[in-house]
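Start from chain A and add chain B according to the hints.
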Amino acid sequence: MNPELLDGFVPMRVWWDAGTPTVDWCRLDDLRFTDPFFEGTIRRALQHPFNLAFRPQTPLAELAALGAQRPGLAPSGFVFHLSRCGSTLVTQAFAELPQVLVLSEAAPIDAVLRAHERDPRITDEQRIAWLRAMIDALAQRRTGTERHLIVKFDAWHALQLDLIERAFPGVPWVFLVRDPVEILVSHRRAVSWMMAALNAPSLLAFTPAEAMRLPRDEYHARVLARIASAMAAHGGAERTIDYRALPAAIWETLAPRFGITLSAADRERLHAAVGRDAKQPTRAFVADAAAKQDEADAELRELAARWLAEPYARLTAAGSSTG
Amino acid sequence: MADFARFRALVFTDVALRDALWAQRERYAFVALAVRLGAERGCSFEATDVEAALAQGLLASLVTSSA
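Quick note, the sequences are listed as chains A and B, same order. Quick note: the first sequence, position 319, residue 319 per this note's numbering, numbers continuous. Quick note: the second sequence, position 3, residue 3 per this note's numbering, numbers continuous.
The following block holds chain A by itself, in its conformation from the complex (with noise of 0.2 angstroms):
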């Protein structure tokens, strides 16, 4: 593939032919990642009709070659978090300022971060050379204003934090929690996709048929439990924000720790962007912790004080931003 080919294209999928990871690219010329999460930006893209006829495809085993004739930015930062504790709403105000591109939750990082769950003989090795390949290819500039990149991954990203620092050694990062009882509050009112039993091999090394014997609420707190307790053992305390931190620590902590310098047009941008519902922008922000604590039930503090209580407590010790 002659890589001016692929001008204004992105992967937005990884897929598995035939045992080979291959690539397929959409276009997006100056489509800008401005919607909650990736991948609603990728379903907007796939609109036009020549990105579902048309897709270029291409093994991910090139991705590199490709990308060393038209190098992205380079990472300013990296946000991890535990899930329903406002990463969201950070990503959203981020990628309201021109001069930053915002990956948030794309689905070919985590294709490439757990290849070796498709196929056990991909080294840690390749899963480096091919995330550092996977997110230079994603951080291609489209409107020319772009020189930061914010990459926030999938909560379950934590318990490869190890490979991802070798990928992308002195970036920095920040974890984002929320006071447990809030967080299993959420995961009791809306499922989410990292909670299906089909991910129980790798978050919990349970097969889905045990996990699916387990309580909903405490497969939820034993999920979260193994994420902060792996964040917590990587010392990731000095790095932790909590939820009641935002959202003044955007501006405050997580912009200049990035290296992100802000005007006062950027500033009046970031406010008006945490004025809103992040995952429903027409909609405004209300805080809700309140109504969650309301809503927890003993069983549910009863969960939260067993497996979340004590990861929790050292993550948030001093040191951390907690607001």
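It should be emphasised that the hints constitute simulated quantities derived from the structure, not laboratory data. The structure presented is a predicted model; accordingly, all values stated were derived computationally and were not measured. Where a beta carbon is used, it is the ideal one built from N, C-alpha and C, also for glycine. Mixed in with the good hints, there may be bad ones.
Some but not every residue of chain B turned toward chain A, in silico, with C-beta under 7 angstroms [as the list claims (entries may be wrong)]:
#1 Leu10
#2 Val11
#3 Gly42
#4 Cys43
#5 Gly57
Listing some non-contacts, in silico: residues in chain B with all C-beta distances to chain A over 12 angstroms [claimed, not checked]:
#6 Ala2
#7 Asp14
#8 Arg27
#9 Arg36
#10 Ala39
#11 Glu40
#12 Ser44
Coordinates of chain B only, in the frame set by chain A:
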């Protein structure tokens, strides 16, 4: 259908052809344009072949592995 596959390969060797198709985002006009540009290049296929490719492209975007 073989001619449509040949045309699809041409799209990714020819920037002008690629961009001519990209310039048309209305579905029915896009199908007609693809048939016409194909015919101009000796690729004989029908509107139904393009429609099938559109449907297949949508379906494929939903799965992560081949059968």
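Right, here's what the structure says about each hint:
1. A hinted interface residue such as leucine 10 (chain B) counts as satisfied when its beta carbon comes closer than 7 angstroms to some beta carbon of chain A; here the least separation is about 10 angstroms, so the hint is violated.
2. Given hint, valine 11 (chain B) at the interface with chain A, holds; its Cβ is 5 angstroms from that chain's nearest Cβ, closer than 7 angstroms.
3. Here the hint on glycine 42 (chain B) is broken, as its CB sits about 18 angstroms from the closest CB of chain A, past 7 angstroms.
4. About 13 angstroms separates the beta-carbon of cysteine 43 (chain B) from the nearest beta-carbon of chain A, more than 7 angstroms, and the hint is not met.
5. The closest approach between the C-beta of glycine 57 (chain B) and any C-beta of chain A is roughly 3 angstroms, which is under the 7 angstroms cut-off, so the hint is satisfied.
6. Alanine 2 (chain B), annotated as away from the interface, keeps every beta carbon of chain A farther than 12 angstroms; the closest lies near 16 angstroms.
7. Against chain A, the non-interface label of aspartate 14 (chain B) is violated: not every CB pair exceeds 12 angstroms, the least being about 8 angstroms.
8. Not every CB of chain A is more than 12 angstroms from the CB of arginine 27 (chain B) (nearest about 5 angstroms), against its label as outside the interface.
9. Every CB of chain A is more than 12 angstroms from the CB of arginine 36 (chain B) (nearest about 14 angstroms), matching its label as outside the interface.
10. With a closest Cβ-Cβ approach of about 16 angstroms to chain A, alanine 39 (chain B) is found to remain outside the 12 angstroms limit, as its non-interface label requires.
11. Once the 12 angstroms rule is applied to beta carbons, glutamate 40 (chain B) is consistent with being away from chain A; the minimum gap is 16 angstroms.
12. Every Cβ of chain A is farther than 12 angstroms from the Cβ of serine 44 (chain B); the closest lies at roughly 17 angstroms, confirming the non-interface assignment.
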